[in-house]
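*Asks:* One-letter residues, chain by chain:
2 protein chains.
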Amino acid sequence: MDAAEFRRRGREMVDYVADYLENIEQRPVYPDLEPGYLRSLIPSEAPLEPESYEDVMKDVERVIMPGITHWHSPYFFAYFPAASSYPAMLADMLCGAIGCIGFSWAASPACTELETVMLDWLGKMLQLPECFIAGTDGHGGGVIQGTASEATLISLLAARCKAIRRVQATNPEISEAEVLSKLVAYTSEQAHSSVERAALIGGVMMRKVPTDKTYAVGGHMLKQMVEEDKAAGFIPFYVTKHSGIECVCLFQFCATLGTTPSCAFDHTTELGPICNDENMWMHIDAAYAGSAFICPEFRPLLNGIEFADSFNFNPHKWLLVNFDCSAMWVKKRTDIIGAFKMEPLYLKHENQESEFESLVRADKRFEICAEVIMGLVCFRLKGSNELNQNLLKKITKSQEIHLVPCQLSGRFVLRFAICARTTESRHIQQAWRHITQLTFELLQEPSH
Amino acid sequence: MDAAEFRRRGREMVDYVADYLENIEQRPVYPDLEPGYLRSLIPSEAPLEPESYEDVMKDVERVIMPGITHWHSPYFFAYFPAASSYPAMLADMLCGAIGCIGFSWAASPACTELETVMLDWLGKMLQLPECFIAGTDGHGGGVIQGTASEATLISLLAARCKAIRRVQATNPEISEAEVLSKLVAYTSEQAHSSVERAALIGGVMMRKVPTDKTYAVGGHMLKQMVEEDKAAGFIPFYVTKHSGIECVCLFQFCATLGTTPSCAFDHTTELGPICNDENMWMHIDAAYAGSAFICPEFRPLLNGIEFADSFNFNPHKWLLVNFDCSAMWVKKRTDIIGAFKMEPLYLKHENQESEFESLVRADKRFEICAEVIMGLVCFRLKGSNELNQNLLKKITKSQEIHLVPCQLSGRFVLRFAICARTTESRHIQQAWRHITQLTFELLQEPSH
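Read top to bottom, the protein sequences are chains A and B. For the first sequence, our numbering gives the first residue as 2, with consecutive numbering after it. For the second sequence, our numbering gives the first residue as 2, with consecutive numbering after it.
What the hints contain is simulated information worked out from the structure, not anything from laboratory work. Zero decoy hints are in this set.
Heads up, the list lumps identical chains together, so a pair's fine if it works in one copy or across two of them.
Taking lysine to aspartate or glutamate pairs in the DMTMM-like style, the calculated list, with each CA pair at most 25 angstroms apart, reads:
id	residue 1	residue 2
1	K125	E52
2	K383	E358
3	K183	E228
4	K231	E174
5	K231	E179
6	K214	E368
7	K183	E197
8	K214	E358
9	K398	E35
10	K231	E177
11	K398	E26
12	K209	E179
13	K394	D33
14	K214	D364
15	K332	E46
16	K231	E197
17	K332	D278
18	K395	E26
19	K214	E372
20	K183	E151
Could you build all of it, start to finish, from the sequences and the hints given here?
*Replies:* This is the structure we're talking about:
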């Protein structure tokens, strides 16, 4: 499919999408099918010959649509809302075209920066305490996760790391495994299953705090359980809280504001001081209810947020952002970064083709550093690591091509990876001319 | 934005995307910016008044594009390729419109079934051993993860769970924490940082196996380390393998076929028998190289796959599927399912608005089961759980509206959640008429 056909098919797809959403009310909201329906409708192996675009689109109606639960039908009252809007779909089209993977600032600066600044905007709309806002010199800030389950897991792992380091700081003779076996996290018996699963993944014990008759957790019950566990030699560290919020504790508590079963709100203003006194991480999960806190009449439900270490809610539920987008804030960014930090060289700023390999081998100033099997060539200038670092600096500064390095047997090596679908022989030839020109300049400099 | 405007803006966006990709070669591949560039270009708080669509699109060129690293430029030779194609973008538009969240079969049957059948197609293209194919009665099968890092983490957690259960089956007096502290996973010193991070998250020790002069791991080195660790009282359980593959071991080994730094291939046919003999889970990560194994000339690099418990590669690298799509296969689905299984009632097949609440309260046959604060009403027929289960069955069978249940204080309760952006008062009124009609029919039945 070339650009011209994409322009045509893209217009048709825009109309298909608009037609689908304008007429969704006419489709049965829930499919009437037995498990396994789809396998019999299509071949058991991928076809060897291509099918026409028209036939593929016919299969969408014949094979896919009969098996869809229509989440955007006005007769869908199940689970929780998944937001969707036309502007969000346009934005997704643009993101798909840019198609960058923002795993570091350098991998696409706009990704990291826009995320940070937009989470500040959103945090201010929720009137989060100043300590959760990144600004230009804050210690806190926001980050986008895929789902609330991921936000809960990340907060639990950060709390676990912090608790282990704290215990080992005063008792260096205790092993990490030993500390781990003593940690207890708490959450409401009404919390989402993902909170319990986070504890399972993190390998820590999780206790469920009984709720009152409104299905919310109050301070009294948590206090009592924590006292019992401490007396038995355990280390509370994490709490999750519900109120449309779920909260975790290692010596953590995960509270929920708006539980999944009944949208109950845990009593954060009672729970928060207990967590702070006991040095327990408090995570507040308001996956569903969070969007409502932008409204002054609902904002009081978020009172107590000042005691929390982390907080999240899902714009993909009520804020017209298509799945997936869970916004998460922490008071101290270093708590999260410190728990996961690893810096392999290819991510500090990282690169085959026999064609490029032969160009490198033909130039005696260079050497190939690893066997070339697929689309990646590892090469370097014969000489010091510093010389190769300087060459990469020149390449980056010139902005014509983009490479990143790696480390092999203690040596600084350049990685040349064939990446774009549109890279042709001429681009590779030109890249090599560019690299050799910069090498010539570099070797002329008096220091070399 | 209504459907008519979406049709117009959608066409414009299709053209913007096609123009961007046709002319990407003219843009500098790597941005020339200092960290923090974006914050000064936009207001510090969200605007209170809307901006025109034209102004938003101008901001894309003014604010976003200068900060983009253009991954699809033919001059991009960094990291690894991120696939992108016009057909994949069209498919993403359609998925965005359907916007269903496929966390269970019932949440949208087509999602689960299409995924299973397509992973069978792909597995057959790779000539995976039959035990990795789901078919209609296989024990293995494929599942889509977001990234190879997730696939590695999931295989490590499944291996950990299996190892703990095996040790406890013969030694029930040993606590889970104690087993955990004795587990050792192995991977290549050249494996991706995400393998080490998976061990960090899972709270298990990971040892790095030295590579040979081609940067690959051979059987001899692994065997020696495992023997040493067993002699010291540890329990090897997981191995990851590289060859464009990464492999893990608890008593796991993670092998890599095509390492990130240099695309080295671990010696799977040597490592596999060691893992099988030692009862270690072997995970093979071929994130980058996997797509090439479809070609007969590269397929020999995958030999040894028959010894693996799990395998993954990223179609979003070379198969023209936009990010994110990492395909993962396991020999025994129960190993993965068993490690994470939780079945809260709202996911077994899971609902507010004062409007709907008042309708329920006005009917004395019904009761409200939890305080209604936001868009969720929990209600039930006064009477047995069985009666309410039967009512929900009738509602599901009728296909007019879609609800799921929850459990509150041991009682089976129906959840009515306002979900769709387009749900109006008339839809709610009609849903209630429908529920009361089915209730009337139910209460007429002789059994009640």
